[in-house]
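Colleague: The chain contents come next:
There are 2 protein chains.
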Amino acid sequence: MRLALAQFNPVVGDLSGNGRRILAACLEAAAASADLVVTPELSLWGYPPRDLLLLPARLAEQQQALDQLASDLAAQAPQLAVLVGLAEPCPDRRHPELHNAVALVEGGHWRVVARKQLLPSYDVFDERRYFRPAAEASPVLELERGGRRWRLGITICEDLWVEEELLEQRLSGPDPIAALQPLQLDLLLNLSASPYGLGKLALRQQLAGRAATRLGCPVVYVNQVGGNDELVFDGASFVVRPGVIPSGEGLEGTGLQRAATAMTPAPAVVCQLPCSRSAVGLWDAGVLPLPGQAPSGDPEAIPLQSGDEQQAPPAELEQLLRALVLGVRDYASKCGFRRALLGLSGGIDSALVAVIAVAALGPEAVQALLMPSPWSSAGSIDDATALAGRLGLATHTVPIAALMSGFDEALTPALGEPPSGLAAENLQSRIRGTLLMAMANQQGQLLLSTGNKSELAVGYCTLYGDMNGGLAVIGDVYKSRVFELCAWIDSPSAAACRQELGLPPSGPLVGEAIRLKPPSAELRPDQRDSDSLPDYAVLDPLLQALVEQRRSPEELVRQGMDRAVAERVMGLLRRAEFKRRQAPPVLKVSGRSFGSGWRMPIAAA
Amino acid sequence: MRLALAQFNPVVGDLSGNGRRILAACLEAAAASADLVVTPELSLWGYPPRDLLLLPARLAEQQQALDQLASDLAAQAPQLAVLVGLAEPCPDRRHPELHNAVALVEGGHWRVVARKQLLPSYDVFDERRYFRPAAEASPVLELERGGRRWRLGITICEDLWVEEELLEQRLSGPDPIAALQPLQLDLLLNLSASPYGLGKLALRQQLAGRAATRLGCPVVYVNQVGGNDELVFDGASFVVRPGVIPSGEGLEGTGLQRAATAMTPAPAVVCQLPCSRSAVGLWDAGVLPLPGQAPSGDPEAIPLQSGDEQQAPPAELEQLLRALVLGVRDYASKCGFRRALLGLSGGIDSALVAVIAVAALGPEAVQALLMPSPWSSAGSIDDATALAGRLGLATHTVPIAALMSGFDEALTPALGEPPSGLAAENLQSRIRGTLLMAMANQQGQLLLSTGNKSELAVGYCTLYGDMNGGLAVIGDVYKSRVFELCAWIDSPSAAACRQELGLPPSGPLVGEAIRLKPPSAELRPDQRDSDSLPDYAVLDPLLQALVEQRRSPEELVRQGMDRAVAERVMGLLRRAEFKRRQAPPVLKVSGRSFGSGWRMPIAAA
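Chains as they are written, first to last, in our numbering: chain U, 1 to 605; chain A, 1 to 605.
Where hints are given, some of them may not hold.
Stated by the list, open to error - A few chain A positions that, by computed beta-carbon distances, are all more than 12 Å from chain U: (1) 32; (2) 74; (3) 141; (4) 269; (5) 405.
To be verified - Residues from chain A that face chain U, not an exhaustive set, calculated with beta carbons under 8 Å: (6) 51; (7) 96; (8) 582; (9) 601; (10) 603.
Rather than coming from a laboratory, the hints here were simulated on the basis of the structure.
Cβ atoms here follow ideal geometry from the backbone N, Cα and C, with glycine treated the same way.
Build the full structure now, drawing on both the sequences and the hints.
Modeller: Written out as structure tokens, the structure reads:
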């Protein structure tokens, strides 16, 4: 049986359009003689559909889209079957009223063949808001293909995330894989919508490898690709067979230490689709012997073949860059923008966002605004201009000194003096934010916000100023990681990736002048970030402990952290909540970003 | 047995502080010879604690706060017992790891006596993110008081929301009241944290009345009071006994039509605490006969007494005003602000917010900024100034014409022309927003945002401009309701309420000049809202159907709505999602506000 793994890029809520995208993948698969197409979780909706799932009219549209797909497929590829993800209304209409389900579409009809058992309701996931868990594992799906009957198990995303020692997150229900163990499956299929995160691909393969070993059959994992608001889905679908080689490769330094130490059998990946782009991968399923057993007597068993798309996944920093580029490209295109604007300060954050924007949209579609003040260093303007030259960006320069004086004059009668201190610093930032929005509004551009995660955590940013924008591109990337990523981008090892992303392939891109200067907001003379904040080498690990690991200052002090620093940073983190509440969507690339998975009260102790 | 209903105002996450607040209520109750104090749901945390519940250090603090409360209570009021709401860690630490529970604190110790069964995971509620549902109803709590043994049932908030024909929302589990029916309870207690909403108090009393009738005993309902970010809890705790009088009174025009038609037995409220302020109410419990039966033979049965605090709840518009005032007062005080600032345009929205701010914080703590442009009408300045005079507000005037020219000059070289159209309108709004933030930053004030729900729905507002502020005070009040509320405020029937809120009790407050002028943003000459939008008499009911009732334009067209209008407004609603994502917290007063209960994707079809 030839399977097609269809990692396509849906538009959330576009039920008929996603039906057409699935049909297109099916026709591509049919041309390559595939028997069964597997699509991602909730593939008709695009993940996450959020409260669109609560609209009765959308459920009616889903029904139409499914009927249309079934009839189109029967007309255009009558031999082919496809598994699609859908929201299945429950007949009793208790709350919640839906199952997260999978339908088999073939022969002009469709029917539900699987329901999700484990519904994630942590971090960014709210599935208990919409879905009711399936009470039991879905029955085996039997399919006649290539002259034999295949016994397929079907799971949906979280149903595979059951290895507690690999996960930070504990289970919320029974282990769906355990229920499948007695069923003598030939294959387990998993339809997923798993957002990108550092080290996540290795973890997914570990989980699938464990399931393959427990079930004695290959696991076919199909993941969504595309950026949907804050979430970037990296695809990277794969097939694993039961594995035996011990290895911890690929998880070093990713924060998944527990996973790394727990890994014994490394997954045997026999088919790997690309990261962060749409693809249909083919894989010919055979029947595998259980480890240590002789091959089964099935005469139809064929040797495993690797898919045409197979390639090793890229290294960690490249995955990160590709995910950010995809996030920007899709947010822009799905919101109807062809062009983007950003403020270029000469600092490393806006430089990185400029690189990402150019890779996402092309240099001709990105414009940069330089807005020097009396406190801007000459170097900053030169550095920004040189960067724009390397990237092929159009720039304009709008000095803000006159507007600063204008606001001082306007406000002095009311305040009795011109704004000073933080109010004056914020004012500069808001003048720039207002200039950027005026440019973006007049020219129909998407404004990209350039702040990093360290700033957003401690509030070292101005609401309605530098926070302005439709998307916070690197708002989930700590400053230390910004430095690392830019160093990698400038290194020879990034050449192939840069070329593929349409960036100049050789020579420094960000450049040492930008990468090596001390960070400064340049909102007063000779200001340095280090005047107000601990060094990023101290701050970032501390923030990671407080944010990602939910540690308390008290715990960190017991482990040797300076009490004054720990308490001060915790205070900054808590007090910046009101700013983050009004931040643009932040592209999520870590285990815990300041977005829909971070639900902290503002007016609280 | 004398019960004390303690509706106090907790600070979210302030575990030790809330423990002290509970102790203070207990001492007040002990002075009045109470036997048992009942506090709201999760009273140690304040509701909703959100992701603070995920921090292990906070759970350790909770333990300390409970121990402290138990020992303080034993020392200072040894005869008294108190029921407090807590998050109980489960020993197995599967996900989720907590129960939403109630502890009985008495004699220097505490123990968990009830766990919540129905966990709301809809609208603003995320309880399945944090809590595991109790598998069964909590056992009867037996308490010896006044020489007899009382059989008490304990439920937590949603556990009482089980009458499907009264509710839009269907049940997510078994009916907890049914399980209590065979248990021969003397009283049912309900610890709640139920946010204010139009018509909500009547609905709560209906639900409690049904439970009282089904159980044949009084229901004691204790609700949290106070504003916590977007949610305002109105207290209004009460006791009902089984009722028999049919009535639909109190639900007209509240949108709870299903409830109104379904109501048969009206609840017999025998104790009513005030709306939107802290109070400890006393009620002496007797043993009631079941309806239609002879009184039980219990010789200790005493007649029901109404509590000292009993009063009829205020009319709907007064409840709304009091809830908004409480929301502003608490957001300011819990965020550490004593003073607020707002822009006063001469329009009705900012006028209403000024009234609310003065009622919340006092006129001396509120400052208004008038920021006329060349397009401002003379009337607007006069109207704003006169309003400020009536309210006793300090005002400053900062004309923006020079800043408008300054931005035009700054931007013309980059754009090739000055900003025009919407870009120019937004620029005016952003100049004002920047002035307001500079004033607020320099003076340490909370900036209040003045936009209404109609604007926020269709995007008739400027991000980083008039949307600026820490709190969107009337962002969940449609424009038509703004007019209604202001008309009521100006009417003689509001006199007592105005006096109690510290507002001038007589004469027009908003004033006819402001109430009767045609709405205009005054961002271009002779602009009217009606140039861009349908009349509010058409727009607001349409928005209510799309937002609150989740109807589709297609459905509304079938019912006679003009197709072009319905589709245009739906398009505006969808396209404004990016603005709402960056809006300040909106005080929620309706069944569905643009806040944490509205989770729509941005980049979607």
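Colleague: Of the hints stated earlier, which fail here?
Modeller: 5
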